[in-house]
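Colleague: Single-letter residue listing:
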Amino acid sequence: MGEDANISTRDNGLGVLPLEIGVNRGRLPSSEGAEIHFRIDTPKSPLGRTILVPPWGMTMADLTIPTYFLLRNRIEVVRFDPTFNLGESDGDIEGLHPDRAVADIRTVVLELSSGGTSVVAFSLACRIVIRALTDAPCGTVVLVAPVVHVQDTLRRVLGVDLVQMHLRGEQLPPRVSILGIDVPSSIVGALTDSNLEGLEGTVADARTFGHDTHLLFGRRDEWVDHHEVEIVGAALPHSTSDGLENTGHELFFNPLIYGVYMNAVGDALAAHFGLSDIVSPPFRETIRYARAERPRRRRRG
Amino acid sequence: MFSTRKNQVAAHAEVISAIDTAIANADSWRLPPHARASLAQRLIELSMSMHLRTNAAYRDYASRVGYNATGGSAGDLASVPLLPALLFKRRTATPGQFASRDVQITTSSGTSGGLSAVPRDNLTLMRFYSSIGNVVLELLDIETPNIRLFSLVPDLDEVTGLWVAFVMAGMRVFFPTMQTYVESGEFLRDFLIRDLSGSSDERVVIVGPPGHILDLVREIRHRDVPLTLRDDSFVITIGGWKRRQEEAVEKSAFRSMVSHAFGIAETQVRDSFNMVELNAVMLECEHHRLHVPPWVVASARDPDSLEPLPSAGEGVLAYLDPTPTSFPGFILSDDLGIVETSLSCDCGRQTDVVHIVRRLKTMEARGCALKLDGERLR
Chain A
14 MGEDANISTR DNGLGVLPLE IGVNRGRLPS SEGAEIHFRI DTPKSPLGRT ILVPPWGMTM
74 ADLTIPTYFL LRNRIEVVRF DPTFNLGESD GDIEGLHPDR AVADIRTVVL ELSSGGTSVV
134 AFSLACRIVI RALTDAPCGT VVLVAPVVHV QDTLRRVLGV DLVQMHLRGE QLPPRVSILG
194 IDVPSSIVGA LTDSNLEGLE GTVADARTFG HDTHLLFGRR DEWVDHHEVE IVGAALPHST
254 SDGLENTGHE LFFNPLIYGV YMNAVGDALA AHFGLSDIVS PPFRETIRYA RAERPRRRRR
314 G
Chain B
5 MFSTRKNQVA AHAEVISAID TAIANADSWR LPPHARASLA QRLIELSMSM HLRTNAAYRD
65 YASRVGYNAT GGSAGDLASV PLLPALLFKR RTATPGQFAS RDVQITTSSG TSGGLSAVPR
125 DNLTLMRFYS SIGNVVLELL DIETPNIRLF SLVPDLDEVT GLWVAFVMAG MRVFFPTMQT
185 YVESGEFLRD FLIRDLSGSS DERVVIVGPP GHILDLVREI RHRDVPLTLR DDSFVITIGG
245 WKRRQEEAVE KSAFRSMVSH AFGIAETQVR DSFNMVELNA VMLECEHHRL HVPPWVVASA
305 RDPDSLEPLP SAGEGVLAYL DPTPTSFPGF ILSDDLGIVE TSLSCDCGRQ TDVVHIVRRL
365 KTMEARGCAL KLDGERLR
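Chains A and B, in that order, are what the protein sequence lines are.
All you need for our numbering is the position in the first sequence, starting with 1, plus 13.
All you need for our numbering is the position in the second sequence, starting with 1, plus 4.
Ranges between beta-carbon positions, derived for each pair:
no.: 1; chain 1: A; residue 1: 289; chain 2: B; residue 2: 202; range: 49 to 59 Å
no.: 2; chain 1: B; residue 1: 307; chain 2: A; residue 2: 289; range: 56 to 66 Å
no.: 3; chain 1: A; residue 1: 193; chain 2: B; residue 2: 264; range: 22 to 32 Å
no.: 4; chain 1: B; residue 1: 362; chain 2: A; residue 2: 240; range: 49 to 59 Å
Simulated from the structure, these hints should not be mistaken for lab results.
Beta carbons are placed, not taken as given, at the ideal position from N, Cα and C, and that holds for glycine.
Start from the sequences and build out the full structure, keeping to the hints where you can.
Modeller: The structure is reproduced here in structure tokens:
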């Protein structure tokens with residue numbers, strides 16, 4: 014651990030931040046010895062800790078909205094970047110492998126959870142969490158816009174069923190662009206080798222998932238069949254499922270939908286942390302936090 | 005502690021509105037013209053109904069200009085009472101007059117005929133950024149934050165309240181690595197060129213006023229070392245030439261200059277349009293047409309009668325934007341322009357397309373505004 018700092022609460026053109034936040038950055042060794050970079054944002058007198066797991070295509074730096082929402086509700090937030098992925102941690106995305114993602118999430122939870130730490134995962138990361146945290150020591154798990162059938166979601170996103178092509182023995186192009194991120198197509202084979210591509214594998218993992226779990230899914234999500242989310246919910250021993258009306262998979266660049274999801278996350282965590290009133294911070298405050306957490310790099314003077 | 009409710013499926017209490025759904029839904033762009041018109045009509049009626057119910061000043065104004073709130077057919081959009089942009093510039097018609105909630109006052113640059121001040125509440129701001137997200141996904145195909153964003157707009161702590169600076173400050177929520185290259189009013193051109201030179205492997209988006217982009221192009225030419233940005237990078241102009249109008253370069257010549265300087269195709273050089281009174285952004289497609297988002301209705305109005313003109317007629321531009329809640333988004337702008345209705349663009353989209361011809365002179369704008377609400381503005 015190291016690199017302690019505090020986020021400035023001063024007026025930076027958007028008013029004063031209404032809470033004090035301490036920031037601690039650190040690194041953990043992954044199971045392969047690569048460094049997993051993480052940061053912990055701590056509000057004054059926190060009620061508990063939550064670990065955020067970023068969705069595909071996003072890094073810990075991109076989780077400003079959920080981080081500030083939780084901080085505003087006095088919950089300490091741990092963010093990290095998996096290795097061999099986007100972000101600050103070691104390893105180039107050329108080495109992307111689902112087993113590494115599983116191991117990294119497990120490492121972070123084992124090292125940074127403190128008893129009742131909750132975990133909030135987004136989109137594709139939900140599938141990895143269901144595999145990674147089966148018996149890990151953590152509290153409530155919230156799965157937001159959960160991808161539970163990776164093959165189906167990839168097909169919906171890409172317009173072609175790469176998993177089926179691979180299983181038929183067809184030649185895949187050497188690289189594939191998933192939401193604008195270019196990766197080796199060997200990732201498809203790695204998914205099937207790890208039994209992470211199908212709904213059946215998710216259901217099998219879910220049956221042994223021992224945590225209180227909340228599934229928050231959008232009823233307008235075009236990338237996820239919400240009936241399949243409900244099937245996984247039925248397999249989880251301790252779960253609730255909330256279908257959010259008129260809500261899709263917009264976890265990037267849509268503060269309205271993100272806000273709906275985060276309010277539901279707040280509700281899901283309320284009992285866990287003893288929250289009586291959920292604070293939905295105005296977006297202006299989130300902008301203010303985004304600016305405060307990355308002070309301008311002055312070039313002159 | 006937590007008690008589990010096994011397999012309980014409960015619809016969450018949060019239900020977002022029809023307006024929010026339209027903004028969130030990329031498919032809105034692919035609706036056939038009649039369905040798109042019907043969607044916009046419905047959303048504007050919802051917005052109109054809300055403003056008439058909650059905004060006494062607007063209700064009085066609507067009543068004074070004879071608006072029949074019980075209408076409902078598509079043709080009625082022409083009769084929606086418009087607020088002249090001039091109204092937001094007047095101290096007597098303060099923003100508070102049209103606002104009833106906790107608001108952020110956002111201002112124009114004030115380079116053409118006074119400072120506009122527009123009150124935005126939380127929902128209005130959230131809808132604005134959500135609508136940008138929709139437009140950016142649709143027209144720039146940016147689906148994740150995995151780009152490098154370079155802003156040539158001043159930081160908000162140097163220009164408190166300036167709308168364009170506020171817009172860019174909000175972009176940092178979605179693109180946290182965004183860097184700003186204006187400091188103490190000075191454009192840090194050399195720092196930007198240095199940083200761009202090391203970004204050839206990344207998808208880059210440069211956003212700034214055309215004057216700064218022109219400065220950048222001239223310096224790159226002067227150094228005789230053109231940059232080579234990744235081919236899916238963008239240079240996006242915002243805000244127009246303003247005080248540097250005399251230096252304005254014709255659009256296609258400008259695109260050619262930028263294209264050569266940055267090593268990208270001209271299709272990657274795009275203009276955008278927004279004004280502080282409008283809660284939406286319009287962005288050019290690769291064929292350089294400004295597409296109107298499907299939830300907004302744009303029209304060109306006859307300068308004398310303020311009646312909507314047929315497609316491609318030149319007039320004063322008006323916008324019906326259902327997204328603001330802290331002020332009615334039904335605006336008669338200060339711009340002269342053309343709206344091509346349901347244009348089948350070469351990019352494959354079929355939407356209304358706006359061409360801005362020029363800014364109205366102050367007296368022209370005042371003349372139009374007086375036709376709308378002489379009693380208030382005189």
